[in-house]
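Input sequences plus hints: build the corresponding full structure.
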Amino acid sequence: MDFTLNTEQQLLSDSVARFIQTEYDFETRAKSVGSGDQRRASRWDTFAANGWLAAAVPGDLGGWGGTAVETAVISQQLGRALFAGPWLGSAVLATQVLIASGNQALIREWLPLLCDGSRRLALAYSEQGARGIAHIVETRATKDGATHRISGRKTLVLGGLGVDAFIVSARSDGAINDRNGVGLFLVAADAAGLSMTATKLHDGTEAADLAFEEVPATVISSNAADGLDGLEYGLSHAMLALCAELVGCMERSIEITAEYLRTRKQFGVPIGSFQSLQHRMADMVAEMELARSMLFAALASFENDDVATHRRVLDGAKTLITTAARNVCGQGIQLHGGIGMTEECAIGHYFKRAVVADALFGSSSLHEAACAAALQDELRAVHA
Amino acid sequence: MDFTLNTEQQLLSDSVARFIQTEYDFETRAKSVGSGDQRRASRWDTFAANGWLAAAVPGDLGGWGGTAVETAVISQQLGRALFAGPWLGSAVLATQVLIASGNQALIREWLPLLCDGSRRLALAYSEQGARGIAHIVETRATKDGATHRISGRKTLVLGGLGVDAFIVSARSDGAINDRNGVGLFLVAADAAGLSMTATKLHDGTEAADLAFEEVPATVISSNAADGLDGLEYGLSHAMLALCAELVGCMERSIEITAEYLRTRKQFGVPIGSFQSLQHRMADMVAEMELARSMLFAALASFENDDVATHRRVLDGAKTLITTAARNVCGQGIQLHGGIGMTEECAIGHYFKRAVVADALFGSSSLHEAACAAALQDELRAVHA
Amino acid sequence: MEFRPDPELEAFRQTVRTFLREKLPVDLAHLSIGMFSPREAMSRWQAILHGQGWAAPSWPVDRGGTGWSVEQRLIFDDECSAAGTPTQDTFAQKLLGPVLNHFATPEQWQEHAPPILKGERKWCQGFSEPGAGSDLASLRTKAERRGDHYVVNGQKIWTTNAHRADWIFLLVRTDPEARKQAGISFLLVDMKTPGITVRPIWGIDGHHHLNEVFFDEVEVPAANLIGAENMGWSITKFLLNNEHAYTADLPLLKRYRGEMRRLAVTQSVGGTRLIDRPEVAHRIALFETELRAVEMMVQRTAALHGDQGHFAHAMGSMLKLRGTDLQQRMSVFMVELLGDSGAVADTQSTNDLAAEMFFRRASTIYGGSSEVQRGIVAKLMFGL
Amino acid sequence: MEFRPDPELEAFRQTVRTFLREKLPVDLAHLSIGMFSPREAMSRWQAILHGQGWAAPSWPVDRGGTGWSVEQRLIFDDECSAAGTPTQDTFAQKLLGPVLNHFATPEQWQEHAPPILKGERKWCQGFSEPGAGSDLASLRTKAERRGDHYVVNGQKIWTTNAHRADWIFLLVRTDPEARKQAGISFLLVDMKTPGITVRPIWGIDGHHHLNEVFFDEVEVPAANLIGAENMGWSITKFLLNNEHAYTADLPLLKRYRGEMRRLAVTQSVGGTRLIDRPEVAHRIALFETELRAVEMMVQRTAALHGDQGHFAHAMGSMLKLRGTDLQQRMSVFMVELLGDSGAVADTQSTNDLAAEMFFRRASTIYGGSSEVQRGIVAKLMFGL
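So the sequences go chain by chain: R, C, H and U. Mind the numbering: the first sequence is residues 1 to 384 in the numbering used here, read in order. Mind the numbering: the second sequence is residues 1 to 384 in the numbering used here, read in order. Mind the numbering: the third sequence is residues 1 to 384 in the numbering used here, read in order. Mind the numbering: the fourth sequence is residues 1 to 384 in the numbering used here, read in order.
It is worth saying that the hints were derived from the structure and are not from the lab. Take these hints with a grain of salt, some might be off.
As the list claims (entries may be wrong) - Each computed DSS-like pair below joins lysine-lysine, with the alpha-carbon atoms no more than 27 Å apart: (1) U:Lys379 x R:Lys265; (2) H:Lys379 x C:Lys265; (3) H:Lys94 x H:Lys142; (4) H:Lys142 x R:Lys265; (5) H:Lys23 x H:Lys254; (6) C:Lys265 x U:Lys379; (7) C:Lys265 x U:Lys142; (8) R:Lys265 x H:Lys379; (9) U:Lys180 x C:Lys265; (10) U:Lys237 x C:Lys265; (11) U:Lys94 x U:Lys254; (12) R:Lys265 x H:Lys180.
Claimed, not checked - Calculated Cβ distances over 10 Å to all of chain U for the following chain H residues: (13) Pro57; (14) Ser138; (15) Asn153; (16) Glu212; (17) Asp307.
In this text, all values refer to a predicted model and were calculated from it rather than measured experimentally. For every residue, glycine included, the Cβ atom is placed at its ideal position computed from N, Cα and C.
Listed below in structure tokens is the structure:
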């Protein structure tokens, strides 16, 4: 293992950092989030031109040949700046699910367009009764001649505004909980019977709720197992991206807070001279470094382990890292005092992102329960 | 409600405090615990003479007519001194189970002797596979003419050394988990087929493991429901006593630690001048006062609510208070530094008592699970 | 010590409940879970209370109040919270009120108290300044005596509801030579006075509750000085020391409990209701246990009545520490229970809960931060 | 950044595993879960390692060590721990060893290093004094130069295994005039020297590991001075700054994990195995996730290699904070898993775990308390 960035990764990281520094400071972000025109502000052209959209796309598909590690490097930098554009939803989630779907024809058709930024996809998989768990699907797909028709509702479609098409999970068979029967479909954004409600998340990022009424769709993977497996594989990639983003959030929260402690005075001295606050900062940075370590463990597992193992590690990572982010950024507010509660102070926005992150891809309590169930399965199998 | 001691309670509390002060300081305790002769050191005669053994015995049965509140008042004082004698096992647990059993003949025969200290009982109810949960019983009772015969094993019989007889829970019917089929029996300490192994708990208190092989026994309550109900009622009374004892433990731990912080110097100043330690002490005392409040809530529920409700509150109290005691006394060690780790320093013994308390009458995780199950039952019933 | 419920208090509870059932207009009920009620609703509700003779639950009878004990007021609050009444004007009722009743001249009282009782005048509190947060006494807004007026210059911050208030009570520096606490006075100012500018501070909850208030040559009649010049600090200490039993905001915690229970039975994942998932039931049950302890701690503190000794004061601080911590943990978990919609900012149904959660990050900051409370407890309880 | 396992390290692991399978005598395996191995076992094991050429895993090859990288040593420790080998003499290997290799004269090295390598001489560490705990530099044990001897007078405390050690390395004050750190020297003393008295300190775990060591006119050859007179403090800083990746005691945490898993499948309540109880599986799964993060944090710290910069040092402190906290929480839960026998002190089977838990209360005290570590982190990371 090697924990330092190699030359390419360092260049990648630096290029994102430079973009943040020159074109995406906190005020710019605040304006773009407020204006409701995040897509333009997100500078998708820059993302394409710098190759970030292709960084984790396999070389034989026209990408740079990177892995989830490259995604993590970019995401961490974007997390530091609370980047509000559709990076996670489109560039990571939809792209990786498409790649993992194994549908070569669609991959060859779409991937170059996604990488050069001329087209954008989003993934519609979660539902209110699914809470981010991929195999829980009520949305139905029924075969209708050469095409399929999709009916149902999807929630939290990240980066869903302004896309060209959606990747949609839908069930052609089985009960709400069955792993069998879940396929992936491609639905044009302007398809008949599809209605979209734009939503804004707490951190200002945009998402969409979708309602499908007999919407015509192209099959990506009707093969039930493949469809769900691909979906989950892409989700794992996106969960890693989110975890990396949160590590970036924590880094920046801690930097901002440390700076505040050095400058803010009470009782005639910088409040950073109070031992209780010093120790709090120590606990925060220790929690962050533990979270970063967990991110690395999850990246390693994604790279090296079988699916069952890496999913378990990722479940744990999602819980540990979102919990750490809520703690660290929450304490960031606390150490700022009143000013930390205001919209114009950056620290509160980091906390909001951590709260949103917990709700994405399944909340902490669900992932914890999944870890516990996996442990039970393992120990029961060994000690029957 | 009234949170101040009334005149009788104050006298009771003062009399125990005086005993502790004059006859049971930490050194005396250490000697008695080390000598293995705790029974003499426990001064049972004093307990009887002062009426403590009769404090929570109903007036019509020759007692002082007090309730669990009086038990709590005494237990809290004893907890401050880490009293190591059979107060909890004999004076509270066995006595209250006997009273709750409703067997008038045995009550009339034994209670006066228990109150005047001339006889002592202990309760044998837990088993390794029961972990303090009363209705889990493997020990069997079979009818044999006019008597019963008991076979099985019991663990953690508090105050079991040197008693005259044991109250034993045993099953005449049903599977290990059934609430039906559990009765209470009286077994003479010298009964044939009964073998006893003395054990010492971490805090130096004595207990016993019992093995029964066809041991002759007198029925206390063969009526399955009555037997288990009585047992659980007496156990609730004893859980309150234990919780009160732990509040006393925390009080004294905090006093000892505060005194240490005022006197111990490092870096040329009393360590109590460090803000991080001041804040730790504040958190400790707040946790103690919350635990004391929970004790009061449990006492109130025991007095006012139906059995299902008070059991649920007591389950919560046991968890919250033992957790608080482990935290507070554990932090007491931490604030003492190295000296806190030594056998000769009192603080570590308070922590040990907290650890033992968690294992008695079912551990925290079991009680938490019971609370969760009760909540599920309640909400399912309302929102079917 | 005695835990039977007091029949008079139970009867009082019934009286309050009957009143609320009969007199609370449907359109005023359940307007928000935790935050401020609309001004209009507050005024209407205050007028109804005034009609009942319950205009000021915390004031003595001879001042137009109810003369209720702390226990009665807690019951009143509990029932109001359960019925979902609008809030009263806390600043007028609980902060300014006691000051008027204790320090005001008859003329001052006559001018200011009746409009409060009738709900015709709303107040806000001008204490904090940009440089004076936890270190309140370092405030710099100054009031210069010129003839029969004071001329006020300076800035207040974190002024809750300044934009909705008619008057403000201010701490100002009247003697710039005196050391910190010594030169401070307590002044009542009409918000319509020329020279006052209110600038909104938007909170991370997306709402506007807080403000900056600027004073530029604001002329205030000298008759609006409460008490003597430069005795403002002792008035402040009097005012802040008043309400130890209220620091935990128990009614709020109880509404959270209700909300959690509601979500647990109405929300589901994969067809399973949340309450049927062990990890959810477990978490809620733990919260409910802790809440029960806090509730009893409130009762204990209430029972200290007017006692202003060290212990009562410390109990108030400990209650704030534990109550606000519980508030934050419960509200974060509530949002987790919302599932996917927990991430969404702009749906009315869920926004309330998430905004409430974000707003409550301030609970451990305002009214004496948790760090300040720990310092107070360490000092009062241990002299550290 | 790259997370594929290193094939050379994997091969090394196999080599170690094979060696342990072939060379570890059965009667030396699994003698204790966490604490010190018996002296005799240590000596036999050290001789076996010596025969293999692995006598000193942390020493360079030209000093008789293995020259292993930190990663290799972690693998070695991991495998030794899994195989249950006796411990090596940490004081000699990791504390004194680097000092000898770096500061000793060839004569000194020749006298002291070979007996360590062969397992013939055990060492203990004489640093702490009654008045010098966290404030180590305030030590007062003095050594006066008289001819070719130093005469040592004073007292050390918390001296682990002084009663089993052959030699002690001491910090002594050689210049009473100099300020704190400046007048300290590093001295090697044979424990058989007249004037040394060892008095046992019994720990709360019921064991005797610690001692007070008294020096009364103890004559020590001047040749036993390491480095120059009065340069003891810089030697100490060198010695204490060495092993950042080891502060979390990862092998211990892994043994705890194994113990929990074992208990979860072997223990039951009411006929249900603990692993089948959701609250138990949930707790263990959370611990395992956290452990995985700690494990990766150890790897990250190891990868900093010889780096002695601020970050490496801070990582060591953060690892100690998080690792020892996890140690304590895991060991407390282990005891809870024992059920009734978790309360019992004198059964061999369970006593190990409970004693281990009590012993580990010291983990957050020795080697720089958690409070000291937080201060170090705040200073190194934020300059606070």
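Outcome of the hint check:
1. Only pairs whose Cα atoms come within 27 Å are accepted, and Lys379 (chain U) paired with Lys265 (chain R) is accepted, the gap being roughly 18 Å.
2. Between Lys379 (chain H) and Lys265 (chain C) the alpha-carbon distance is near 18 Å, which keeps this suggested pair within the 27 Å criterion.
3. For the suggested pair Lys94 (chain H) and Lys142 (chain H), the alpha carbons sit about 25 Å apart, so the restraint of at most 27 Å is met.
4. For a cut-off of 27 Å, the pair hint linking Lys142 (chain H) to Lys265 (chain R) stands: about 20 Å separates their Cα positions.
5. Simply put, Lys23 (chain H) and Lys254 (chain H) have alpha-carbon atoms about 23 Å apart, close enough for the 27 Å limit, and the pair holds.
6. At roughly 22 Å between alpha-carbon atoms, Lys265 (chain C) and Lys379 (chain U) fall within 27 Å of each other, so this suggested pair holds.
7. Between the alpha carbons of Lys265 (chain C) and Lys142 (chain U) the distance comes to roughly 20 Å, so the proposed pair stays at or under 27 Å and holds.
8. With a C-alpha separation of about 22 Å, the suggested pairing of Lys265 (chain R) with Lys379 (chain H) holds against the 27 Å cut-off.
9. A hinted pair counts as satisfied when its Cα atoms are at most 27 Å apart, and Lys180 (chain U) with Lys265 (chain C) qualifies at roughly 16 Å.
10. For the hint pairing Lys237 (chain U) with Lys265 (chain C), the CA-to-CA distance comes to about 23 Å; that is within 27 Å, so the pair holds.
11. About 21 Å separates the Cα atoms of Lys94 (chain U) and Lys254 (chain U), which keeps this hinted pair within 27 Å; it holds.
12. Between Lys265 (chain R) and Lys180 (chain H), the direct Cα distance comes to roughly 16 Å. Compliance with the 27 Å bound is thereby established for this hinted pair.
13. The Cβ of Pro57 (chain H) lies farther than 10 Å from every Cβ of chain U, with a closest approach of about 43 Å, so its non-interface assignment holds.
14. No Cβ of chain U comes within 10 Å of the Cβ of Ser138 (chain H); the nearest lies about 22 Å off, and the non-interface call holds.
15. Separation of Asn153 (chain H) from chain U is adequate, the least Cβ-Cβ distance of about 35 Å exceeding the 10 Å criterion.
16. No beta-carbon of chain U comes within 10 Å of the beta-carbon of Glu212 (chain H); the shortest separation is about 29 Å.
17. Against the 10 Å criterion, Asp307 (chain H) stays outside the reach of chain U, whose nearest CB is about 35 Å from its own CB.
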